[in-house]
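Visitor: Relying on the hints, combine the two individually framed chains into one complex.
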Amino acid sequence: MTSLRPQFAETISRIGNIDSDLFVVVGDISHGLLSEFRENHPSRYRNIGICEPAMISVSAGLNAAGFNPVIHTIAPFLIERSFEQIKLDFGYQKFNCNLISVGSSFDYVKLGCSHHSYIDVALIASIEDSKVFIPGSKNEFDTLFTDNYQSSGVKYFRLTENGHGFDGLTNDAVAGKNIVVRQGTEITIVTLGPSLRTAMAVSDMLEKDGISVEVIYVHSFKPFDANSILESVSKTGALVSISQLSTVGGLGSLCVNAISGKVLFDYLNFEIDSFIRGYGELEDLQNRANHSPEHIFSKIVTTFELRKP
Amino acid sequence: MLLNNELRLKIVNLATGAGEGHIPSSFSIVDLIDHVYGNVLRIEKNQANDLKRDYFILSKGHGALALYVVLNKYGFLSDEDLNSYGQRDSNLGGHPDRVSTDFVEASTGSLGHGFPFAVGIALGNQVRNYGNRVIALLGDGECHEGSVWEAANIAANQGLNNLVAIVDWNESAMQLMPIDMMAEKWESFGWDVIVIDGHSKSGLNYAFDLELLDGKTKPYAVIAKNIKGRGVPFLEGHGVWHHKIPNAHELEQIMEALR
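As you go down the protein sequences, you meet chains A and B in turn.
Residues 40 to 348 (our numbering) make up the first sequence, in order.
Residues 141 to 399 (our numbering) make up the second sequence, in order.
Incorrect hints may have been included.
As the list claims (entries may be wrong) - Residues from chain A shown here face chain B by an in silico Cβ test under 8 Å; the list is partial:
hint, residue
1, Asn-86
2, Cys-90
3, Pro-92
4, Ser-96
5, Ala-103
6, Ala-104
7, Asp-128
8, Phe-343
Everything labelled a hint here was simulated from the structure, so no lab data went into it.
Glycine included, C-beta positions come from ideal geometry on N, C-alpha and C.
Same shape as in the complex, but just chain B (with noise of 0.2 Å):
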């Protein structure tokens, strides 16, 4: 079944209204950023700069219309600012930036930067014992990154138990380099680790137990073994739809196939 047809559709929307958007890349992710909002994250709306709030980071920033529907479904992002991603003069663009968005915690788009950076919030707050939770996105394409394998390293010899970090296991790499063996290379840089569906529920259940997450004395990697384009036959795998945007009859198909 399918999880979150409405955030797809809106994805969808909005990304032909703008002609700008990694539509198969959004759909990847869309299940598992919602769970995380849903289910695991503590903030308030009072607390965009509150130094106790649990963070996430979208490493993968190419997949930023999937953060934007769900920090809107949360009542983070209003709808006047999500409808006006990728107009002139928007805050919201193909990446997203912190500086410009409350709640938008990492300006990324260059791979690479959001994990080790969430690294490091999860250090400091480790250092403060905030108690707080740092959940990064990253995909498997963005594992070609060495700064990805240097910070999976500091953060498992930090002993940093209060860092998640999600793989969208979408065999994006393998168009290219394929990356083998996902959970064993995590699990040798020192990680627990589990291997789920992303886009189902009780998968994302099993995965994101608090009790679970909080009795870690280990980094925790979810591999997620996602479908680029999930729920939209045509959109699935690797191909021209990574970056375009659907004309006026691809969108009827596209909705058809979401309703």
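Next up, chain A with everything else stripped away, as it sits in the complex (with noise of 0.2 Å):
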């Protein structure tokens, strides 16, 4: 499966070409994939060592010093680790960065959840003039951190080691528009990230037993386009959210939260509410986590069985 990491790599060598405000700030992390930046533009590279609270203050003193600043390392460390400090140091104090985090919710798979991080998109999605961006392709990010990385605000990328492998269907990807990626009238399912290949198989699954599935793709969980949640879920009154993040302040709520008051609809959510402890492969994981498209769909089913009169 694909890792975003070297598109990373790439894109933030293209535009340290031509920005010269662009500096990188890795936490003992990525240093052979970000050679070449390193080596074209050595005084605005820092691996700053493993102090990850520290390394987000250093680097909003960086933007107050007039330099946009590209954060990097794990999820858990970069956000859970150093909230506070992005919420006051950029957040309260209005400075911008762009923070970069890889192994998603649970890619590392085998050293445990210690590198997992579940509630780091809500963390940052609640700090005001910030965006959430979370790619399921190369393509994907490439286009958003370009169009997005001189904004306003703390941005986030989260960036997987899995991407989808949809990669047809999600180009042109553009913050706060989602992208139906199957037609359907009778359920609408809705994910986000790496996550679309779960919600393709089970759709699939769906498909073949005859019920009619429309899949929405969310790759920018802030800011959220609402519309095409609502005007799918008041075609089919069903909404069913697939996603690795928390189910606190995670991709079901927010749909909710979107369309509540103005549509009645049945929901099911698949999210992640404990620790997806042990170790082995991506799928063991998700199986773990009752992420698997067979369970997922065998509860799809179960629900939309009973639903009908």
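Guide: Written out as structure tokens, the structure reads:
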């Protein structure tokens, strides 16, 4: 499966050559990958050390001094460990930065829960004037970063090691605009970034059972395209959310909040509400999280059987 | 000899009027901040957003009143704004906020933020080769925060000779987790260190000799042996006065001591 990291390196390198304000700060990861940027612009690259909270505050200082910081390390250390520094030094102080995490929710399948992060997206989305992007393909990252890295506020780009593989369906990503990747009439499945793979497998199974599914793909968590959800659920009356974010402040609640009071609908949510312990392959962790396509499919079928008169 | 009776009187009056303020903490650092603005920083009144200005960052944000009265003294904050302190609709509250007030360089209040932020400004200025000075003031209690030492390491590793950290060593930390050998700690993190009396003109002149500052090859820590509440004996030290507002009688006693 595709890692988005090489695209990060390529995009940064390309922009770094034309934008002398771009300053890359890493927390002791990806220096091999970022070698092109580092060699071309040594004064604007720092491997700051293993000290994420100070790395964030120092980067706020870099922005105060006129640079546009790109801050990069593994999701839980970048966001969860350093959250108050992000909230105050960037959010409260109204400074700008680009946070680029790796590891997604549980890409580090062999390293355990210390390297997993489910709540990072909700945390950054809670900050005033922030933007949150969860690209699932290289092209999405390249486009979203290029279009948004100079805008105000905290921009969070959450990279995955496991791209969704439906790249042809998600080209031309635009902030705040969802993509309808499959049209249908009976159920709306909303999914996010790498979870598109699961959502497509589930919708294939449902279609085979004769259930017509609309799949809406989200790469832009904030700003969020509420209209596309409302339009689809108004038609189907059923909302299913599939993501690897925390149930608290995840994709499901985002969709529900966006359309509540406007339409009546049935609702099923597949997100993360506990540590996904243990090791193995991505599939093993997805199974433990009850996120296998088979499980999601049967849960949907059961629910919708119950709903039929 | 007490250096800044006038500024201390203003601090007490503002705190009393607003019913908010950390008076002893502000008394501990007002001489330092006054010296820095009066003798060290190069800022003009049209430079609020000029990247080449010198910077002062109050990392221990609860000493905000000391910063406000000094900004006012040097013309960076109007009398009207200063006198609005703590009132509804004022820009000035118990902790400083850069977004609402020009020449306030950082929005602090949570400890362990302003200092690493200052390290970033110094790093950016070093890369741009601006030659400006970045001075951060933090408390010895604040030195309990891990981010302070992360940033101290970073500053030394990056060779930030344009950076000064002033530690208001008034022994607040003594109450809970004493930090012994403050000077040795900063030295061991790769900083040039000096220990002075932060309430004496000669100590301040000695620490902030401009030739000395500009000749640094490392970041520079000024450990100021200060007295919390300095200037009014019954406010000195640690205890109830940390965040207390004087009543009319106590206010009279404080004014008396400062006259």
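Visitor: Now tell me if each hint is right for this structure.
Guide: Now the hints, each set against the structure:
Checking Asn-86/A against chain B by beta carbon gives a least distance of about 10 Å; that is not within 8 Å, so the hint is violated. For Cys-90/A, the shortest C-beta to C-beta distance to chain B is roughly 4 Å, which falls under 8 Å, so the interface hint holds. The beta carbon of Pro-92/A is positioned within 8 Å of a beta carbon in chain B (closest approach about 5 Å), and the interface hint is therefore held. The interface hint given for Ser-96/A holds, since its Cβ lies 3 Å from the closest Cβ of chain B, which is under the 8 Å cut-off.
The beta carbon of Ala-103/A comes within 5 Å of a beta carbon in chain B, closer than 8 Å, and the hint placing it at the interface holds. Taken as an interface hint, Ala-104/A checks out: its beta carbon lies about 3 Å from the nearest beta carbon of chain B, inside 8 Å. Hint status for Asp-128/A: holds, given a least beta-carbon distance of 6 Å to chain B, under 8 Å. About 49 Å separates the beta-carbon of Phe-343/A from the nearest beta-carbon of chain B, more than 8 Å, and the hint is not met.
Hint compliance for this structure: hints 1, 8 are not met, and every other hint is.
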